[in-house]
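The primary structure of each chain is shown beneath.
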Amino acid sequence: MSKIKVLPQTVVTKIAAGEVIERPASVLKELIENSIDADATRIEVQLEDGGKKLIKVSDNGIGMDRDDVELAFVSHATSKLWSDDDLFSINTLGFRGEALPSVGAVSQARIISRPRGTLIGSEIQIEGGNLHKIKEKGAPEGTQVEARNLFYNTPVRRKFLKSTHTEMAHISETVTRFALAYPKIHFSTVNNGKNVLSLPPTKDLKERITTIFGDEMGKVLITINSKEPNVSIYGYVLPPTYNRPNTKMQFVFLNGRYIRDNIISHAINAAYLNLLMSKRYPIVFLSLQVDNKEVDVNVHPTKIEVRFKNAGLIHDQVYSALHTALTGTEFHSSLKATSLPEHTNIGTSSHEKKESVMKSMSDFFSRSLENKTPYHKDEHKQTYFPPSKTEHLFKRESAFTSYLQIHNSYIVEETTDGLNIIDQHALHEIVLYHEIWEQIKSSKLLKQNLLIPELIELTPRDYVTIMSLKNELDTLGLEIEEFGKSTIAIRAHPQILRNLDCRELIQGLLEEIDSDEIKSDTDSILRKIVKIMACKGAVKSGQRLSSQEIQSLLEKKKDDTITSFCPHGRPTTLEFKISELEKQFKRK
Amino acid sequence: MKIKCNKEDIKKGFHIVECNASGSNIRPILQNVKITAKNNTLELSTTDLEVSISYVVDSVEVIEPGVVVCPEVKVASIVKEWSEDCIEITEENRICSITGKGSYFKILCMDPEEFPAIPQFTNENYIEIDKANLTEMVRKTAFILSGEKAKHGSNGVFLDVNKNRAKMVANDGRRLAEIKRKIDNPNGLRNSCIIPIKGILQVLRMLSDHDEIIKIRIEERRVFVRTEKSTLCSQLIEGQYPEYEEVIPTNLDKRITLDKRTFFSAVRRGSVMTTEEYKLLRFKILENLLELRCTSPDVGEAKVEMPIEYSGEGLEIGLNPDYILDFLKVVDTDKVGLELKDHSTAGVFKAGNDYTYVVMPMSLEGS
Ligand SMILES: Nc1ncnc2c1ncn2[C@@H]1O[C@H](COP(=O)(O)OP(=O)(O)OP(=O)(O)O)[C@@H](O)[C@H]1O
Ligand SMILES: [Mg+2]
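Protein chains in written order, with this note's numbering: chain A, 1424 to 2011; chain B, 283 to 649.
Each hint should be verified, as a subset may be incorrect.
[As the list claims (entries may be wrong)] Under the rule of at most 16 Å between Cα atoms (straight-line distance), these lysine to aspartate or glutamate pairs were calculated in the EDC-like manner:
id : chain 1 : residue 1 : chain 2 : residue 2
1  : A       : K1867     : B       : D393
2  : A       : K1867     : B       : E573
3  : A       : K1981     : B       : D580
4  : A       : K1979     : B       : E583
5  : A       : K1864     : B       : D580
Note that these hints are calculated values from the structure, not bench results. Note that the coordinates shown come from a computational prediction; the quantities given were computed from them, not determined experimentally.
Just chain A, with the same shape it has in the complex (with noise of 0.2 Å):
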């Protein structure tokens, strides 16, 4: 009973045609697509130097029988089409009979299968596209295919091939997307007779990403559930403190299969973008199901890239899914918080991590107790007893305003538990930055007009940089105007910015905004501007704060769920809990 069959031309012509083989893990993401559209539960991977000695992969799934293993290699063979409607309804990874065909063009490639359920298996080479004939062949149930020295009849291509290291990088890149997105089926992986990822089957995919990317990561996930009528999206996202560089930790997938694509990183990102600083990018792994109508895969050869049919719908389906996990995500937990350094080599078990939270605690309660006026004695002394009763009147809710400045940087906040750290720059920062956002948002921003300009002098280069923001700023609130050559005149500064050194402002747009940046969308600018400007707004670390200051910096805590990170991402407040102090104190 062979179920593959050659397409016809005229289906042909409307797949998405081009060169899919480009090194080692190109040959093995098809190899482990066919097995998995094959519904096999067991992948092994076996590499000799990083693929480019011998790729092979077997697996558990239903096999081909003779008919089948015969035209495997042959082009526009599949099992998976039928017709050119079917393009628009693709259930299976594969679909255009193409990929085995091209690895047997370009290398010695070989296959062994035997049906479930069948006695006989058989086997067919090819090499160079040269096919052999079909023999039979005594195997295990299901399909092992390997390809040997890929690209050995394209001399100039095989030498294109990196060193066995960075293909092995590839390849443990392709396994991992494929192991998140089938967290259920075992993969192992050995090069040169090694072990190199083994991944036993998983009950979902928070097991999975705890197996391969460590105890730490797993534990503070931030589940991701969205379902409309079309479009489910489910997944984990990371608090906003483990954060990446690049955004190679930002696994999608759709149906299954490992996609890029800018709209739903658009949408990932600006569900970050209050919580991260430029150029730091979150971790996320979102399994999208979009039904089959709604999306179409047969866009680019690799298939790696697709297009939505409303891409508008997915965006802000994407971004409000995430939006709303963060904000109801309380991410200042104490331990979250103190083992900040470990965030960089997540996988330390917890162990360590409670270790790292008693040692950071005892290096602080030592440092103070070193410096003997860890607060300023005179000025903040009535504020270290606890509030009068007069207080408990106003505020009912807050049995605890003891708090005090320490070098002035921090402040140290009694709370009813514990106590807060408060970094307050960050906290500053972002309390100013949500309100900066709510005064445009509500066109109530309010603009101080200066009696006399602040004149600032730039280099041609960076006037020219300056005034092409001129609009911008303008809608912040900042008026510029030209005054003679690169000279710019500051005439009006957001009344909310009123301790902002407009000099300082400039020098930080400049150098964080590149002139190419500002043809992007006037949102994204706006907001990067905002950044900056609460930035250079806020009270700097080091600067003393009068109590009353730091009490409605206090108060502007509590209103705000997001403001527990400061726009570039760094943590406003370390909690400590009472209890740990406890423990630390050797009284529990």
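For chain A, the structure is supplied; the task is to place chain B with the ligands on it using the hints.
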């Protein structure tokens, strides 16, 4: 060194030179006071290199002249708590001893050579001004700069001397105060300088409680302010003070006179609803009525009315109420004048003779 003197005199001296140099990260030597004994006087000096201040205690019995440099805070607290009338200070081998009937203190001293040189006042080419006038000038201008953290415009007070008047100006880019007072200028000097806010606030501290004539001498890089017993020398801020007169609007056609107390209370009540993020009070001038309004997005709204004498065209202008209150707090006349033109032109307040306060309005983006 060995001296004897009356406690009250030296106590006053320490009060004036005090804490000029205290603070955190400055050179340790600057936390000392230099005490020089010669010719029946004792001179106390402190400096933080930017501002230095000295005080001369006279009718001192100098038994053995000399110089000591020792921690200012320590000596000052000993002197302040001194219970006897007479105090005796001696220095031998870098140990300064302060001795009384029932107590003594020995303080380790520093090498006087290490103490920075204190600029000396040259008794020529100075102007003279009445203490009350100088106090008033500083008080009515420096407040603009004292609370601010950022340096909008110049972080110093402009002093301009011409013929028989001195002018003092301060601005923070958003508001400006200018005051003119009479001086004695026998040499007919014409000069101006920008005094850092730190120096000018120190002047207020050193002005004594009795009336006296104060000498001011402006040099190229520093200014001296000298009373009978104390001398302050402050570095100057370099550069040109902005041509501020150009920004004071002149053709203001809407003029009202306000009763200071009523106006102060109206502004204060009107601004109850403002917040740090939203400091806007709208001033609406109608026929015989001033209406103050504030609608704060997060808090609520307020409207306060105040009768005035006015019959011209109506006008509404948005101002930061803090700026008005700051001004009214230093005003000591019963009436203040307010002159306006339109919602985007600066408002000009006048109080008494030759005191002008200019405030730039705010505008609401998108309305
Ligand atoms: N591991 C396997 N187990 C069972 N059948 C397989 C396996 N690998 C390939 N086949 C069969 O061989 C056919 C050809 O595979 P090939 O990868 O070339 O094309 P495809 O998967 O249909 O489409 P695409 O080119 O998009 O991958 C498949 O349609 C499938 O029927
Ligand atoms: Mg395939």
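Between A/K1867 and B/E573, is the straight-line Cα distance small enough, at 16 Å or below?
It is violated: about 21 Å lies between the C-alpha atoms, which goes past 16 Å.
When you check the alpha-carbon spacing of A/K1981 and B/D580, does it fall within 16 Å?
holds (15 Å)
A/K1867 and B/D393: Cα distance at most 16 Å?
violated (61 Å)
Hey, A/K1864 versus B/D580, does the alpha-carbon distance stay inside 16 Å?
holds (14 Å)
A/K1979 paired with B/E583 [C-alpha distance capped at 16 Å]:
Violated, because 20 Å separates the two Cα atoms, which is more than 16 Å.
Checked against the numbered hints given earlier, this structure breaks hints 1, 2 and 4; the rest are met.
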